[in-house]
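**Student:** Listed below, chain by chain, are the residues.
Protein chains: 2
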Amino acid sequence: MKNYLKHNEWKIVEEGFHASNNMISESLYSLGNGRMGQRGNFEEKFTGKSLQGSYVAGVYYPDKTKVGWWKNGYPEYFAKVLNAANWIGIHIQADDIELDLATAKVKKFYRELNMKEGFLLREFDVILSNGIELNVVAKRFLSMNDPEVGAIRYKVKAVNKDCNLKVTCFIDADVINKDSNYDEKFWEEVRKEVRNGEGVVVASTKKTNFHVGTGMKFKTFLNDKELHNPIESSEREKYISNNFSQTLKKGDELTIEKYGAVVSSEYHPKKDILKKTFQALDRAAIKGFDQLLKEHITYWENKWETSDIIIEGDVAAQQGIRFNIFQLNQTYTGVDDRLNIGPKGFTGEKYGGSTYWDTEAYCLPFYLGTAEGPVAKNLLLYRHKQLQKAIENGEKLGFKNGAALYPMVTMNGEECHNEWEITFEEIHRNGAIAYGIFNYINYTGDKEYLAPYGFEVLLGISRFWSQRINFSEEKQQYVMLGVTGPNEYENNVNNNWHTSNMAVWTLTYTLEVIDYVRKEHPYLFKELVEKCKFHEVEETARWKDIIEKMYFPWDKKRKIFLQQDGFLDKELIPVDQLPASEKPINQKWSWDRILRSCYIKQADVLQSIFWFEENFSKEETKRHFDFYEPITVHESSLSPCVHAILAARIENYKKTYEFYLRTARLDLDDINNDTEDGCHITSMAGTWMAFVMGFGGMKVSKGTLSFHPIIPENWKSYSFKINFRKAHLEIVVNKENAEFMNHSTEKVHMEVFGKKYELFGNQKQIIPISKKETFSIN
Amino acid sequence: MKNYLKHNEWKIVEEGFHASNNMISESLYSLGNGRMGQRGNFEEKFTGKSLQGSYVAGVYYPDKTKVGWWKNGYPEYFAKVLNAANWIGIHIQADDIELDLATAKVKKFYRELNMKEGFLLREFDVILSNGIELNVVAKRFLSMNDPEVGAIRYKVKAVNKDCNLKVTCFIDADVINKDSNYDEKFWEEVRKEVRNGEGVVVASTKKTNFHVGTGMKFKTFLNDKELHNPIESSEREKYISNNFSQTLKKGDELTIEKYGAVVSSEYHPKKDILKKTFQALDRAAIKGFDQLLKEHITYWENKWETSDIIIEGDVAAQQGIRFNIFQLNQTYTGVDDRLNIGPKGFTGEKYGGSTYWDTEAYCLPFYLGTAEGPVAKNLLLYRHKQLQKAIENGEKLGFKNGAALYPMVTMNGEECHNEWEITFEEIHRNGAIAYGIFNYINYTGDKEYLAPYGFEVLLGISRFWSQRINFSEEKQQYVMLGVTGPNEYENNVNNNWHTSNMAVWTLTYTLEVIDYVRKEHPYLFKELVEKCKFHEVEETARWKDIIEKMYFPWDKKRKIFLQQDGFLDKELIPVDQLPASEKPINQKWSWDRILRSCYIKQADVLQSIFWFEENFSKEETKRHFDFYEPITVHESSLSPCVHAILAARIENYKKTYEFYLRTARLDLDDINNDTEDGCHITSMAGTWMAFVMGFGGMKVSKGTLSFHPIIPENWKSYSFKINFRKAHLEIVVNKENAEFMNHSTEKVHMEVFGKKYELFGNQKQIIPISKKETFSIN
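As they're listed, the protein sequences go chains A and B. The numbers in our numbering rise by one with no breaks, and the one at position 150 of the first sequence is 150. The numbers in our numbering rise by one with no breaks, and the one at position 649 of the second sequence is 649.
In isolation and in its complexed conformation, chain A is listed as follows (with noise of 0.2 Å):
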């Protein structure tokens, strides 16, 4: 936990230098525009702590995995998000004195994260070694509207003598990944060239072959005139600069304008790189960084209008939901059905930038309520498209006849993780993207999708359920062995009751999709079964017997259903009572004790009927909640949304309230300990669910909108806007009212409190709030 940031309603702000805290700030003030993206490193010189980051969407290394005991079936590769060439690098000596944060004596240190207008700003004074003060002021921004492009203004001023500036601007390509084995390196140069004031390297990564060339561009001005020094080039293997002196007189501000391209070969011909990477810059150059950041901003306020969660009286609350929304929208923008979303998006190396079913699970719903149509969509295309590696790699596994098994980690379709207990044993993610069809379908009524794609992904999955669950002549019902939940601090387990009840619920789904595409697109369906030599009458017999049968875990006394078989043998001890001193487990306990304790790491029954909470009376969620809440330790950043969401069904609103606020502030306070390795990504999709399901009281019920408003009394109001199918609504809700408002011309039927309304284009519906719905936070 860590408090060193101020709290402001638009900004992060960090007021002196934190030199320890260097790596979280690092995280915390990436920068991405759905393409790129890079940790908040200096352009200057640093020596001090520093994780080094920049990334590029979609291009990784496969990583040699082969350690220990191979298991069949294993990966070949581990995928790593690589870090890329440094295109930001602005070297700055004076009178021969490096200016690095790390030595110099820092006077005064300001930083600031807009999320508003979506760049980085620093302003410092220091003195070097030399007692030359200079002061600084570095604005960087991604650029949304042109995401090959990225720009820095970067001002130094002589504070307290006349000095010589000897300035390096370059292109680093010769970078390493701090998670590489034996200190390996990726990338490989292709080519360079560098000229006065410009210069590209392009490099290509090993095995994968992915050609990026990264650019840069740039001017200087002198008190904003315009220099035309003498420039000195340089160059050595993956690396170009261009070096020239200037001199100062006190009080004297030299400008260096630099503009940087990103380009990579998934989106050009390879042979085309170098020469795309020169015009990415002169586009750039031409318009010049007050246009470039002009148009960046006007991007940012379109993006603001229809994503923004207001809290008024919360200043906190305030800047935790917008950073982790701020965050979202720069990590995935939805324009490109290749791409997804890593766990730590463009912040950091771990988990290998690589999909997990985080996106399903947590980021979809994010994308379907704030973005349009085709940004969800692509979320489902990008499994769509990888539904023949999905069926390979169930081949490897042993499956049969298009069974589909998604990776639990995947770059491109293929899995690429290599831990047995997860790898194959971790297939309730398969249920999860099964959800995400159904999911999206029911958010945008867009059952279009179904008979093109879904169907497919569907018929892939439920083929998979149907081979892996087998008939037990002891119980005489079907059994799924050797699985592992969403709790993780179990594997290998029997009957994991999420995971069969995925498993079945998918069976029923794609029976339900079946009968709807034969009816409404009766030649496409001809094609597909064919396509898929589909043998429907034998496929879904079987189905549909599984269906009948299943064996759920089933606790008779408590009426609940149970995690897993035999999970009722382990000591029932409440999280509340273990010592402090015992708590993370999963950094205090050892793995085996873990595994034979209690403690859930996040959601798994309570996933379930989080997802199917129609099926479940208030009082059935309520002794489900009751059981597993108090065993659970949320050790995973994406457990406490979905508690804070079913504490508001069952009115336990103190307990959305606490869950709400350790997901919100959970990298900007650091809470975990962990923020310095990179943001929390796919869990501030949660922060948002957790806040639009949990405060709103949000959902969508057979195609049917409906909420349920609480509100913490320490808050003055809050509002939020979500589309719905052709919709833009505005909730605002305080301890009177809550407002409705309908910003398109299209009816919508919603229900609050339990009631129906029709609220008509341009309408605004005022609802009163009860004292209820207005809870203590203490």
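Treat the hints loosely; a few may be bogus.
All copies of an identical chain are treated as equivalent in the list; a pair is satisfied when it fits inside any one copy or across any two copies.
Restricting the straight-line Cα-Cα distance to at most 25 Å, the calculated cross-link-like pairs of lysine-lysine (DSS-like) are [as the list claims (entries may be wrong)]:
no.	residue 1	residue 2
1	Lys396	Lys583
2	Lys71	Lys583
3	Lys588	Lys389
4	Lys747	Lys764
5	Lys71	Lys588
6	Lys185	Lys271
7	Lys71	Lys178
8	Lys350	Lys71
9	Lys400	Lys588
10	Lys207	Lys178
11	Lys735	Lys716
12	Lys559	Lys475
13	Lys206	Lys350
14	Lys475	Lys556
15	Lys588	Lys396
16	Lys475	Lys557
17	Lys166	Lys219
18	Lys400	Lys583
19	Lys275	Lys108
20	Lys105	Lys250
It is worth saying that the hints were derived from the structure and are not from the lab. None of the values given here were measured: they were computed from a predicted structure.
Assemble the complex: chain A is given as a structure, and chain B must be docked to it using the hints.
**Tutor:** Just chain B now, kept in the frame of chain A:
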């Protein structure tokens, strides 16, 4: 399955060079003397397929283990047995063409491992590319009497013309491990000295800093007349050599007698290693090749005198069992209680050369039965010495108060394997170590072992079980969650019967031992109680409660103990119904499929039934055997032996024979297609058990020795010898009689076919064999 070696009673013979099987031959032709060992590599250069391997007992390297997701409690390293300096090298050039069996034309090739006399012999005739024909006779052994010393007599004859030989005798410590990551090297040079006719390289291991001196000293003879040719020395890092030339007339024979010495800091101060290595070389050279070999042969005569098994009428079976006994005696001589038996002995790198539970479960009975007292006892002392490390290992996993968890894999008492399902969960090993103590005392009657040694180990292990077991409120019984049994095709199961049974047995036995030590050694007992902070009343109260209320999974219908909870939910399809194309499943199936299946890798429930057979009636044993054996795939080399013995107990003699064959010639016939990695040393001890306990029907129950000999019809007779307490017995079985000879002066009580006998010193007892005990193998 290979079949390129000749069947011979005392020799392993290869006629004609089988280059493609050379790595298999290198494993089979390995030499060892308990202190060092080496694969059957060639002295001359060989550019064909080869795994170079020289190993020094106790010398290992802690390799990195970090990969993927770290689990708390993992060890920091994975111990690797190190490929050490090669001292055998003698490179030969004839008229500048290198003698290399991979490139020369091989006219004749004969290779012999002489198991009776413990040497390796090669005779071959080759024509080099320049037409020169050479005849080579090479004889090599590692002295059993002076285990720092080895010797080679290498003769080269010019067969068809005069030629000039260039000879290089060298020591090469610049070696690598095949299994090293990124080709890392593990040795660093400390110093070296080379003179005419001798030289030493001292190298140290990285991290562990073992120092090993490897030296050579040689003499040369032309047609038996000693030569004193000018010698040129050369050296480079970690390498020294002597080079000389000799012109051979057609028919001339050059003989090189090369002595090797391997001297390690496990036995001498580091500063003396160089000197001690030269001293060892001098010892060898002064004695000379013939005298050294003579003493070596005498050692083997004595070894065979106590450990030989003779089979008349089946040369393949005879060769098989002798090969097993020979390798076991080469690997462990029992003179150093810091050493133990790695699964591959000195024959390969695999399994890191470390100690597994194989020692107690499989190897101990062999050394108890065939070697003098201290040999087997040293295997127990090895664990006693490592008790503190086992307690620390327990602490790392969260156990307290002196609870000892012995490592799954170890070199020095520390755990050095890191797969959670094995390292943390395969805890039945702790029971095997306790059982080893019981077994030793049961066999030897040496109860005196308990007070100074056994008690503490048993207490530590019992404390572990007591903490590892928890009370299930649901069952109102004690349970053991999250374990992996000997059947590693199941992971993280609940209530593995074998493990729970070992736990309850350990607690029961420890209670007995406590009573014994208190009564017989009251003063020592008081000291031990204090030293171990043993709170007898409280601690044993819980043990007794566990003994009384332990839960064991039981199938009422079949009246068998179940391998674990939920076992009957699996599809129980016998192995013989699996298509051949799907076997072995560990190569054909994905890991998750193996885990979900019913298939058993090696005896699990049956391991306990074997160890505690007196607790089970023949019918009970048969019920368990008939249920489990058909679903056992025997994909561990340790599996068939236990099944061979149990099959004998239930009079399924054909199965005994079948399983015996599967283990006896496992390496000679390369049955598992992996002999090239090294021989299965620990399973060789299982072969001995299968023979003596299976065919001989030997067991020791409550200190009483008994036999139930059976004989396959295709054998004429067989005999084996055992030490039992102070007696030396020889048992000869043919189809009419079993003869029991007592070669000592000590009276022995024994039972044969359930009838009691007193066998006086130097007496012979002849007992008829009934038709029932003679069986057809068809």
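**Student:** I want to check one pair: Lys185 and Lys271. Are their C-alpha atoms no more than 25 Å apart within a copy, between two copies, both, or neither?
**Tutor:** within (23 Å within a copy, 41 Å between copies)
**Student:** Is it within, between, both or neither when you check Lys206 against Lys350 at 25 Å Cα-Cα?
**Tutor:** within (20 Å within a copy, 31 Å between copies)
**Student:** With identical chains treated as interchangeable, where does the CA-CA distance between Lys400 and Lys583 reach 25 Å or less: within a copy, between copies, both, or neither?
**Tutor:** between (44 Å within a copy, 18 Å between copies)
**Student:** Given a CA cutoff of 25 Å, do Lys588 and Lys396 count as a within-copy pair, a between-copy pair, both, or neither?
**Tutor:** Classified as between; 10 Å across copies, 36 Å inside a copy.
**Student:** What label fits Lys396 with Lys583 when the C-alpha limit is 25 Å: within, between, both, or neither?
**Tutor:** between (39 Å within a copy, 16 Å between copies)
**Student:** Given a CA cutoff of 25 Å, do Lys71 and Lys178 count as a within-copy pair, a between-copy pair, both, or neither?
**Tutor:** Between copies, since 20 Å is at most 25 Å while 27 Å is not.
**Student:** How would you classify Lys559 and Lys475 at a CA-CA limit of 25 Å: within, between, both, or neither?
**Tutor:** both (20 Å within a copy, 17 Å between copies)
**Student:** One pair to classify: Lys71 and Lys588, alpha carbons no more than 25 Å apart. Within, between, both, or neither?
**Tutor:** For Lys71 and Lys588, the Cα distance is within 25 Å only across copies (11 Å; inside one copy 29 Å).
**Student:** When no copy is specified for Lys475 and Lys556, does a C-alpha distance of 25 Å or less occur within a copy, between copies, both, or neither?
**Tutor:** Result: close both inside a copy and across copies, 17 Å intra and 14 Å inter.
**Student:** Quick one: Lys588 to Lys389, C-alpha cut-off 25 Å, is that within a copy, between copies, both, or neither?
**Tutor:** between (39 Å within a copy, 20 Å between copies)
**Student:** Please sort Lys475 with Lys557 into within, between, both or neither, judging by C-alpha distance up to 25 Å.
**Tutor:** Classified as both: same-chain Cα gap 20 Å, cross-chain 13 Å, threshold 25 Å.
**Student:** Could you figure out if Lys166 and Lys219 sit no more than 25 Å apart (CA to CA) within one copy, between two copies, both or neither?
**Tutor:** Classified as within: same-chain Cα gap 15 Å, cross-chain 71 Å, threshold 25 Å.
When held up to the earlier numbered hints, the structure conflicts with hint 19 and nothing else.
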